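Keeping their order, the protein sequence lines are chains A and B. Number 356 in my numbering belongs to position 356 of the first sequence; there are no gaps in the numbering. In my numbering, each number is its position in the second sequence, counted from 1, plus 1000.
It is possible that some hints are incorrect.
Subject to a maximum C-alpha distance of 25 angstroms in a straight line, what follows is the list of computed PhoX-like cross-link-like pairs (lysine-lysine) [said to hold, decoys possible]:
1) B/K1487 x B/K1421
2) A/K310 x B/K1295
3) B/K1359 x B/K1521
4) B/K1421 x B/K1399
5) A/K310 x B/K1421
6) B/K1291 x A/K310
Restraint ranges, calculated between C-beta atoms of paired labels, are given here [said to hold, decoys possible]:
7) A/T352 x B/T1314: 54 to 62 angstroms
8) A/A251 x B/D1240: 29 to 37 angstroms
9) A/S272 x B/T1462: 25 to 33 angstroms
10) B/T1068 x A/R358: 50 to 58 angstroms
11) B/E1526 x A/S123: 31 to 39 angstroms
12) B/K1295 x A/P184: 26 to 34 angstroms
13) A/Q248 x B/G1073: 48 to 56 angstroms
14) A/K249 x B/G1073: 26 to 34 angstroms
Think of the hints as simulated: they come from the structure by calculation, not from any bench. All values derive from a computational prediction rather than experimental measurement. C-beta: ideal position from N, C-alpha, C; glycine also.
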Amino acid sequence: MLTRHITRRSALRGVLGAATVSVGIPLLDCFLDTNGVALADTGAPIPTRFATWFWGCGLNPGRWEPKSTGKFDAFGPELQPLEAYRSKINVYSGLKVYLDGRINTVHFTGEVALLTGTVPHASTVEAPSIDTIIADAIGTRTRFRSLEVSCTGDPLHSQSRRSASAINPGEVSPVALYTRIFGPDFADPNAATFTPDPRIMAKRSALSVVAEERRDFMADLGAADKARMDEYFTSLRDIEQQLDLELQKPAPLEACSVPGKPDATPTGTEISVVQKNHKLFAGLLANALACGQTRVINIAYANANSSLRKAGASQTHHEYTHEEPVDPVLGYQPEMTTFYAAIMGSFADLLTALDSIREGDRTLLDRTLVMASTDSGYAKIHALDNIPLLTAGAAGGRIKTGLHVQAAGDPGTRLGLTVQQAMGLPVSTWGNASMETSKPISEVLA
Amino acid sequence: MIPLTSIRRGSFRARGALAILAAASLLGSAYAAPDQSAQGAQSGPKVAARRLSEDQYRQAISDIFGPTIKVGGRFEPEIRRDGLLATGSGQVSVTASGLEQYDAMAHDIAAQVVSEKHRATLLPCKPADVKSADDACASQFLGTVGFLLFRRPMTNDELQSHTKIAGDTARSLHSFYDGLGEALATLIESPKFLFLKQGAEPDPDHSGQFRLDSYGKAIQLSLFLWNAPPDRQLLEAARDKSLETDHGFAAQVDRLMASPRLERGVRAFFSDMLGFDEFSTLSKDPVLYPKFTLKVVEDAREQTLRTIVDHLLTRHGDYRNLFTTPNTFLTTRLGSIYGVPVTARGGWPDAWVPYTYAKDDPRAGILSQISFVALHAHPGRSSPTLRGKALRELVLCQKVPVPPANVNFTLVNDVKNSQFKTTRDRLTAHRTAPTCAGCHKIMDPIGLAMENFDADGGFRTTENGVSIDTTGELDGMKFDSPAGLAKAVQSDPAATTCVLQRTYEYALGRPLGKGDNSTIKALSDEFAASGYKVPELLRTVARTDALYAVPRMDLSLNTPGAGAVGAAAPTGETR
Chain A
1 MLTRHITRRS ALRGVLGAAT VSVGIPLLDC FLDTNGVALA DTGAPIPTRF ATWFWGCGLN
61 PGRWEPKSTG KFDAFGPELQ PLEAYRSKIN VYSGLKVYLD GRINTVHFTG EVALLTGTVP
121 HASTVEAPSI DTIIADAIGT RTRFRSLEVS CTGDPLHSQS RRSASAINPG EVSPVALYTR
181 IFGPDFADPN AATFTPDPRI MAKRSALSVV AEERRDFMAD LGAADKARMD EYFTSLRDIE
241 QQLDLELQKP APLEACSVPG KPDATPTGTE ISVVQKNHKL FAGLLANALA CGQTRVINIA
301 YANANSSLRK AGASQTHHEY THEEPVDPVL GYQPEMTTFY AAIMGSFADL LTALDSIREG
361 DRTLLDRTLV MASTDSGYAK IHALDNIPLL TAGAAGGRIK TGLHVQAAGD PGTRLGLTVQ
421 QAMGLPVSTW GNASMETSKP ISEVLA
Chain B
1001 MIPLTSIRRG SFRARGALAI LAAASLLGSA YAAPDQSAQG AQSGPKVAAR RLSEDQYRQA
1061 ISDIFGPTIK VGGRFEPEIR RDGLLATGSG QVSVTASGLE QYDAMAHDIA AQVVSEKHRA
1121 TLLPCKPADV KSADDACASQ FLGTVGFLLF RRPMTNDELQ SHTKIAGDTA RSLHSFYDGL
1181 GEALATLIES PKFLFLKQGA EPDPDHSGQF RLDSYGKAIQ LSLFLWNAPP DRQLLEAARD
1241 KSLETDHGFA AQVDRLMASP RLERGVRAFF SDMLGFDEFS TLSKDPVLYP KFTLKVVEDA
1301 REQTLRTIVD HLLTRHGDYR NLFTTPNTFL TTRLGSIYGV PVTARGGWPD AWVPYTYAKD
1361 DPRAGILSQI SFVALHAHPG RSSPTLRGKA LRELVLCQKV PVPPANVNFT LVNDVKNSQF
1421 KTTRDRLTAH RTAPTCAGCH KIMDPIGLAM ENFDADGGFR TTENGVSIDT TGELDGMKFD
1481 SPAGLAKAVQ SDPAATTCVL QRTYEYALGR PLGKGDNSTI KALSDEFAAS GYKVPELLRT
1541 VARTDALYAV PRMDLSLNTP GAGAVGAAAP TGETR
């Protein structure tokens, strides 16, 4: 009996012997080490990815928190749509935003304080958002440092900010996002052949001329303008890096499959439109992560003062939070609360998109850390305490899941610090003034 | 990087020589102080670099390469600061995803310019061999367009390095035109094109002060009047220094004022002042307002801009009458919302037809148009509060405070409560709560007079079966109809002060500071003397010395040492 054992060494031998950039093999599980966590031959670990997911107007207090802490048996009713992923989710309750005497620019303050660790000064953002800090650490070797989408049709609804002067605008159209990622510039990591494009080489060397003018261009500017121009040149560096990567044969990725081009869809704030576009975005972004195009994705499901609305309704979700009476029997605003079911249903769609892609012995969701945040606790009164916060995914094993952590009265920055540490960043404190913390949520750190 | 936003006052004294640098950051981002550590110390400070807006970018490309060159792509969003996008343009940068788009657009534009279709008309020379480099021809072309794109002559180094890009690329791709395209794309995505950097020089008339240099002055003037970077003639006037002379400067102001492009500048200014960028996300619920389509949104914006241009430029009308003028322009689509029969020539739905409202019509002036009443309403219902707030902030330049965080709206908006049927009923109940009263009483009495206008701009006299009461008040002036409100705005001195203030801020690209008070006073006297004619206002602002001064910093924020940057406050003198 003749058996051919394909070992990873025998499979690679012929290929590398030919010393060519044309590698035409899929990434089989035998290329992974025995734990399925690293690419065996190079020793490079399968990367951990990061995602932010933002919705507006909090949740009703008492209706989302699990009854017990630690391992819990059931979500509160408003998180029910996530039930299928309960074992992969953590719920954080009791966290709050401290204003330190600054005004509560309603909805905006809570959003920004949780994502930047610093309470904004009226409408001025004073620190970068956490996704950009993480992208700077883990996103520099991918084609896109990060990808942002905004599901409501307004690119400025994005929560990703490098500074007050640089909001990373969200892509609003799934077709445009598809073209950006999987259009003509996409190099399929599993393609049989690879030929570097001479046009990209030309463009790469042309851009270095612009980059070299940096010192000269900035020399005679004031400090604040220097900072703005620095952002331009950092962006330029990103493009150069993107081109460098496009000139190399990408490493094969088993989990990568190129999705089909979505049909053009209308954009807007009507909830079924938002849900549909979000689902398309979720699928494309999951594929972008699996295909190694980026490691950080940011999804603005809605803006902080949630403009979501139902067809034919005269009020938006945000207006319902303030204007709908509390039903005396139910104890909450029934019409407003229907939006929460829709929102969490969409969050479940994202988790489905991530969890349905397998990488080695785990799913993409297991290798990702999704941080879901909002702007307030009880939105009706713009409460900045007991703000519902969630994470999903295990960050490649660095986060324990299926837990409910109650941290009543602690600054919400504890989650941001925890997330940065789980993503491997060497930080021990994060946040500003009363939002500064050096206490990660150790219960969930593996 | 995060801009430094707070500096303790005491730190200046201790740091001595560093004070000038530190003080520069106090300006936010408006003007730069001389940076003594930089090599360009002798050339004086550089004025802040505003980012080209989408309209300015499109205009620049069209001016330089002709209107047949298409500009497609997504631009970085513009940000409103202190009431204007023009002010925000000095505080924005370019993100990675934004630069990705600028990069794609630049290559797309360059490819069109060097394409077979356009090269004969747009290029001044032909290469010796289309399959190889031709440095002489490339350099001739790049030097010419570089002057227009960078708004100043290219330096020798710049011209050489870009000619080299053209040559290297031509050799590797075996195509002269591909090489030239690559070099051109590099110019178009350069920060020297994307940011309007203005230079400064010592002011010979005021020792110790700085003013914009000639090219900086050309930029200031052209952005203000044409909403575009300077054209070739203006740049030539900067190059040959004729812009420095009173005569040469006045001739350029006259030329810009007389050009049909002035209309573009006026449209851009009012689009900015009236917050028309919000049109990009305006929509109404299609179930409730089926007639309010995307085409209506486009038409509504255009209707108001046409009304403004017609009233202010064509008819040379008084600014104040913009709020009461019965003259406007309609399309059949707009007519269907306004309830006015519009017969377009040949039934063409895009045709604009002049229309004059009858004397007793409730609709008159730009505030009764869809661009105001529908833009400042919810997707599914009207909003007296949003309309009142918009009128205060956009038209009268009065800031309405942010609402308190902990507000209880429940009782007042109980839609099942048979006591409160109309919006007025509901708001009145809400306004009586002491925490809300302070702000709502400055917004709602204005907006309630506009309740005849539904969320889509249509006219109505009842809401939920109850007849609508349109009595209202604006700072003591009482009225009982939208037309009455229009008259009150027309006679409110805040309206003329506001347009003047916004015009000057728009021209400066920064919000007003204390040092601008005397200029504003002088401008305001001239505006009144002209009978509130906007073209006169534009001309006066364009000829104001202070517009081209690089002001010293606000002394109240400074300690000795930092004051060395400037000596005397700019004067409000006009030429």
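Here is what the structure says about each hint:
{"no.": "1", "hint": "B/K1487 x B/K1421", "in the structure": "violated (29 angstroms)"}
{"no.": "2", "hint": "A/K310 x B/K1295", "in the structure": "holds (22 angstroms)"}
{"no.": "3", "hint": "B/K1359 x B/K1521", "in the structure": "violated (36 angstroms)"}
{"no.": "4", "hint": "B/K1421 x B/K1399", "in the structure": "violated (30 angstroms)"}
{"no.": "5", "hint": "A/K310 x B/K1421", "in the structure": "holds (22 angstroms)"}
{"no.": "6", "hint": "B/K1291 x A/K310", "in the structure": "holds (18 angstroms)"}
{"no.": "7", "hint": "A/T352 x B/T1314: 54 to 62 angstroms", "in the structure": "holds (59 angstroms)"}
{"no.": "8", "hint": "A/A251 x B/D1240: 29 to 37 angstroms", "in the structure": "violated (59 angstroms)"}
{"no.": "9", "hint": "A/S272 x B/T1462: 25 to 33 angstroms", "in the structure": "holds (31 angstroms)"}
{"no.": "10", "hint": "B/T1068 x A/R358: 50 to 58 angstroms", "in the structure": "holds (51 angstroms)"}
{"no.": "11", "hint": "B/E1526 x A/S123: 31 to 39 angstroms", "in the structure": "holds (34 angstroms)"}
{"no.": "12", "hint": "B/K1295 x A/P184: 26 to 34 angstroms", "in the structure": "holds (33 angstroms)"}
{"no.": "13", "hint": "A/Q248 x B/G1073: 48 to 56 angstroms", "in the structure": "violated (27 angstroms)"}
{"no.": "14", "hint": "A/K249 x B/G1073: 26 to 34 angstroms", "in the structure": "holds (29 angstroms)"}
Hint compliance for this structure: hints 1, 3, 4, 8, 13 are not met, and every other hint is.
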